[in-house]
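Engineer: Single-letter residue listing:
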Amino acid sequence: MADNILEVRDLKTHFHTNDGVVKAVDGVDLHVEKGEILAIVGESGCGKSVTSQSIMRLIGAKSSEKVSGEILYHGEDLLSKTEKEMRQIRGKDMSMVFQDPMTSLNPAYKVGTQIAEMPIIHEKKDKKSSWKRAIDMLTKVGIPSPEKRASQYPHQFSGGMRQRGVVAMSLACDPDLIIADEPTTALDVTIQAQVLDLLRKLRDDTGTAIMMITHDLGVVAELCDRVAVMYAGKIVEEGTVADIFDNPQHPYTQGLIHSLPKPGSRERLKPIEGQPPNLHNLPEGCRFQDRCPFVMDVCREKQPELVPADKQDHQAACWLMGEEENDGDGRTGESEEPEKTF
Amino acid sequence: MIAYIIRRLLIAIPVLFGISLIAFFMVRLVPGDTVTAMLGNSYTPEQAEALRAQYGLDEPIITQYILWLTNVLQGDFGFSHFTNTPVLEAILLRLPVTIELALLSVVIAVILAIPLGTIAALKRNSKFDYGASLFGMLGISIPNFWLGTLMILFFSLWAGWFPSGGFVGLYESVWGNLQSMILPAIALGTAVGAVAMRMTRSSMLEVTNQDYIKMARAKGVSSRRLITKHALKNALVPVVTVLGIQTGYLLGGSVVVEQIFGLPGVGQLALQAITNRDYALLQGTILFIASAFVIVNLIVDIIYGFLNPQIRY
Ligand SMILES: Nc1ncnc2c1ncn2[C@@H]1O[C@H](COP(=O)(O)OP(=O)(O)OP(=O)(O)O)[C@@H](O)[C@H]1O
Ligand SMILES: [Mg+2]
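The listed protein sequences correspond, in order, to chains Y and U.
Yeah, the first sequence ends on 342 if you go by UniProt numbering, and it's all consecutive.
Yeah, the second sequence ends on 313 if you go by UniProt numbering, and it's all consecutive.
You may find that some hints are simply not true.
What the hints assert, rightly or not - Which chain U residues face chain Y? A few, computed with CB under 7 angstroms, are given here:
hint	residue
1	S173
2	N177
3	K219
4	G220
5	K233
Bear in mind the hints are in silico, worked out from the structure with no lab data behind them.
Just so it is clear, CB atoms sit at the ideal spot from N, CA and C, and this is done for glycine as well.
Let the sequences and hints guide you as you build the complete structure.
Structural biologist: Okay, structure coming up:
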């Protein structure tokens with residue numbers, strides 16, 4: 001535990017809108033270890049982006065946004081920090097890469113200027129040495145002729161190059177955590193692979209931990225060390241990539257894995273039936289109850305918490321976990337009967 | 001860049017040619033002519049004919065136009081019979097007043113529009129925002145002559161803070177000049193400021209929702225820097241366009257405002273030229289105002305390119 005860069009406990013982000021309270025994030029627990037790549041997976045709208053932006057405190061300033069819980073960064077709670085203190089952490093200690101590289105660079109400034117801004121605001125460096133840093137960073141992310149590119153504007157960059165530029169920017173002050181919110185979703189497949197390679201290489205070289213938000217399980221398998229599976233504002237399962245892919249415990253995770261095409265297999269894919277619950281009006285008990293093939297009475301009454309499943313660091317929030325311990329009926333995704341229902 | 005400016009100026013030539021044509025024939029649609037205006041009520045047709053012959057007004061109208069245009073192309077805008085000076089001289093004498101009025105109005109508009117629009121966008125739906133949008137609505141719907149008259153009544157006649165008319169040249173007294181210019185500039189600039197303010201607000205709202213602003217926040221940029229560096233430069237692009245168009249209208253509005261405040265500008269000159277059927281003078285002022293319009297648009301496009309690097313000349 002001492003090596004955790006980030007530990008999030010019971011994070012709740014509720015939006016007070018005209019139509020009521022949207023519980024976009026409702027009790028998230030997760031941690032990021034030093035130098036690891038943690039994947040956050042889950043379907044669209046489950047609260048991945050809201051979680052990441054709440055961690056950076058990019059959400060929570062408006063009166064309509066209520067963020068609670070604990071966000072421990074090196075043991076210090078970010079939720080008790082002032083905006084000024086947060087500004088020094090953002091970009092310097094923790095930085096972010098957003099989904100769409102076409103829109104996350106400012107069209108009015110040169111790419112080099114935007115990278116150089118990082119050392120200027122965080123390290124009080126002068127223009128000249130910051131510009132040099134920008135060029136170094138562009139070199140590091142593999143942009144050819146970086147001196148020339150630094151003086152160009154974003155519209156002169158291709159999509160893949162822009163995302164490299166954003167990565168260069170997020171790395172400029174040597175953070176120990178990068179939060180990447182679907183950094184490759186908007187890119188072509190070949191460019192995706194390049195950007196993923198780049199992220200892995202950077203992690204290997206610099207030891208920067210990465211929190212990788214994605215709904216692409218292929219990306220998870222290829223790049224990540226651990227996985228947190230999110231469903232309707234909560235983490236429902238957490239474990240190593242091998243745990244999650246080979247031995248998924250939560251029925252939702254099982255459904256996700258089964259909806260993946262297996263190479264060489266001609267079996268039909270089994271999508272998860274139904275829709276996630278309405279965040280305005282969450283059901284009592286487990287959020288997955290309406291779509292779960294194993295639903296029990298307790299699932300409709302009480303919300304399950306994350307508990308160790310088959311081993312200590314593989315956790316799942318499902319009442320089946322308790323069942324297992326009680327009657328020893330080791331149910332896994334591989335069993336015959338649930339597959340029919342998916 | 002230079003090539004672009006030259007190209008733009010070349011494009012302006014046919015536009016100005018068209019305007020010269022319209023100006024020339026339009027002024028002749030006004031009932032009466034130079035001669036009848038000069039002679040007043042009591043004259044004999046013979047006198048009139050003689051004068052017309054003297055001024056070349058008895059030639060066919062096409063011949064008159066061609067003659068005028070040839071002279072204009074050589075820099076000779078003709079002679080104003082009423083002011084008894086060459087047209088060019090009459091205009092150049094009045095031009096500084098109009099330019100000063102226009103510049104001052106634009107400055108007032110910008111000083112109003114950009115901070116108000118920005119704050120209104122940042123404090124969306126606050127009392128400030130509602131106040132600003134009220135100002136925006138009033139500023140757009142109140143005619144400048146009405147605002148001008150009201151300001152004269154209130155600030156000059158009632159409060160006595162400003163002279164109610166009469167112009168003091170910049171070289172006579174800078175302070176006096178400013179005093180005589182400030183009310184007309186407000187009367188003229190308010191509408192421009194209101195339009196530009198609304199544009200700033202909506203453009204700022206749009207820009208602050210952009211990903212690159214979220215990205216800048218994630219970089220740890222302070223909120224002041226976020227607005228002044230990251231947002232404003234992008235938000236100003238459409239504002240500059242609006243300001244440019246409005247400045248064009250402002251040149252038209254100055255005709256009325258100069259009259260109300262008794263400023264000896266080109267607008268007032270144009271009105272006098274109409275009253276006196278002073279054809280050469282009227283044609284000259286119209287051409288000047290049109291050229292000013294073209295130049296303002298060119299300046300706007302140059303600023304636009306500076307704000308938006310995607311535009312290359
Ligand atoms: N400012 C807000 N006000 C109200 N609801 C919001 C707000 N921001 C996000 N939400 C809601 O919170 C939920 C979670 O959104 P979020 O963007 O985190 O999803 P996501 O998991 O990142 O999805 P995707 O994979 O599509 O990016 C969504 O239902 C969204 O509509
Ligand atoms: Mg998202």
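Engineer: Against which earlier hints does the structure fall short, listed by number upward?
Structural biologist: 1 and 2
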